[in-house]
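Enquirer: Sequence:
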Amino acid sequence: MMIMANKSSFRIAATGAALFACVAVMTPAHAQAVLEGSGEHSTLDCAGGKASVTGTDNQVTVEGACTHLTVEGSGNVVIAQMAAQSTIKVEGISNKVSWRTPGKTAPKVSSAGVGNSVTRAR
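Note that the sequence shown covers residues -31 to -1, 1 to 91 in mature numbering (1 follows the signal peptide of the UniProt record, and there is no 0).
Hints are computed from structural coordinates only; laboratory data are not their basis.
A hint or two may mislead.
Using 30 Å as the maximum straight-line C-alpha spacing, the simulated DSSO-like pairs for lysine-lysine come out as follows [said to hold, decoys possible]:
| # | residue 1 | residue 2 |
| --- | --- | --- |
| 1 | Lys65 | Lys19 |
| 2 | Lys19 | Lys73 |
| 3 | Lys77 | Lys65 |
| 4 | Lys73 | Lys58 |
| 5 | Lys19 | Lys77 |
| 6 | Lys58 | Lys19 |
| 7 | Lys58 | Lys77 |
Ranges between beta-carbon positions, derived for each pair [what the hints assert, rightly or not]:
| # | residue 1 | residue 2 | range |
| --- | --- | --- | --- |
| 8 | Ser7 | Lys73 | 32 to 38 Å |
| 9 | Asp14 | Ala75 | 29 to 35 Å |
| 10 | Ser7 | Val83 | 17 to 23 Å |
| 11 | Gly6 | Gly72 | 31 to 37 Å |
| 12 | Ala16 | Ser67 | 16 to 22 Å |
| 13 | Ala53 | Ser7 | 29 to 35 Å |
| 14 | Ala53 | Thr25 | 30 to 36 Å |
| 15 | Gln1 | Arg69 | 15 to 21 Å |
| 16 | Asp14 | Gln54 | 29 to 35 Å |
| 17 | Ala53 | Thr12 | 19 to 25 Å |
| 18 | Thr74 | Gly8 | 28 to 34 Å |
Glycine included, every Cβ here is placed at the ideal spot set by N, Cα and C.
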């Protein structure tokens, strides 16, 4: 049995494969919001993904029902909107994180360092 293909059918197949490859590459896996600095006043939108605040004396509001929040450094003040099943990781000195979640759920919290506080926002 012999299969024959003409040039135009090959071009269509190649174009389709190239288009599929471009779509696969352009699709983001998860949103991530990042702030690195000192003395910054900012709002981040993690869009249901991850957020990271690194540095010293930053004041940050994190929106977007984050699934994971990491705060590293010293003297950072962060107010975060977290997803129902989320995690907060704090490392450093004198960081203050307050969080909100839907309903009465609470994020899983880990804290390493001295003088850090992680509390539900009022």
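Enquirer: Now look at each hint and say whether the structure bears it out.
Expert: Outcome of the hint check:
For the suggested pair Lys65 and Lys19, the alpha carbons sit about 18 Å apart, so the restraint of at most 30 Å is met. Simply put, Lys19 and Lys73 have alpha-carbon atoms about 21 Å apart, close enough for the 30 Å limit, and the pair holds. Restraint check: the Cα-Cα separation between Lys77 and Lys65 comes to about 16 Å, which is no more than 30 Å; the hinted pair holds. For the proposed pair Lys73 and Lys58, the alpha carbon gap of about 20 Å is at most 30 Å, so the pair holds.
Taking the CA atoms of Lys19 and Lys77, the gap is near 14 Å; set against the 30 Å cutoff, the hint holds. With a CA separation close to 11 Å, the supplied pair Lys58 and Lys19 stays within the 30 Å bound. With a C-alpha separation of about 8 Å, the suggested pair Lys58 and Lys77 falls inside the 30 Å cut-off, and the hint holds. For Ser7 and Lys73, the Cβ-Cβ distance of about 36 Å falls inside the hinted range of 32 to 38 Å, so the restraint holds.
Separation of Asp14 from Ala75 is about 22 Å and departs from the stated range, judged on CB atoms against 29 to 35 Å. The hinted range of 17 to 23 Å is satisfied by Ser7 and Val83, whose Cβ atoms lie roughly 19 Å apart. A hinted range of 31 to 37 Å for the beta carbons of Gly6 and Gly72 is consistent with their spacing of about 33 Å. Ala16 and Ser67 have their C-beta atoms about 20 Å apart, which keeps the hinted 16 to 22 Å range intact.
Distance hint for Ala53 and Ser7: a CB-CB separation of about 33 Å, consistent with the stated range 29 to 35 Å. Distance hint check: the CB atoms of Ala53 and Thr25 are about 31 Å apart, consistent with the given range 30 to 36 Å. Range check, Gln1 to Arg69: about 20 Å between beta-carbon atoms, so the 15 to 21 Å window is met. In this structure the supplied range 29 to 35 Å is violated for Asp14 paired with Gln54, their Cβ-Cβ distance being about 19 Å.
A C-beta distance of roughly 22 Å is found between Ala53 and Thr12, which places it inside the suggested range of 19 to 25 Å. Distance hint check for Thr74 and Gly8: the Cβ-Cβ separation is about 33 Å, which falls inside the suggested range of 28 to 34 Å.
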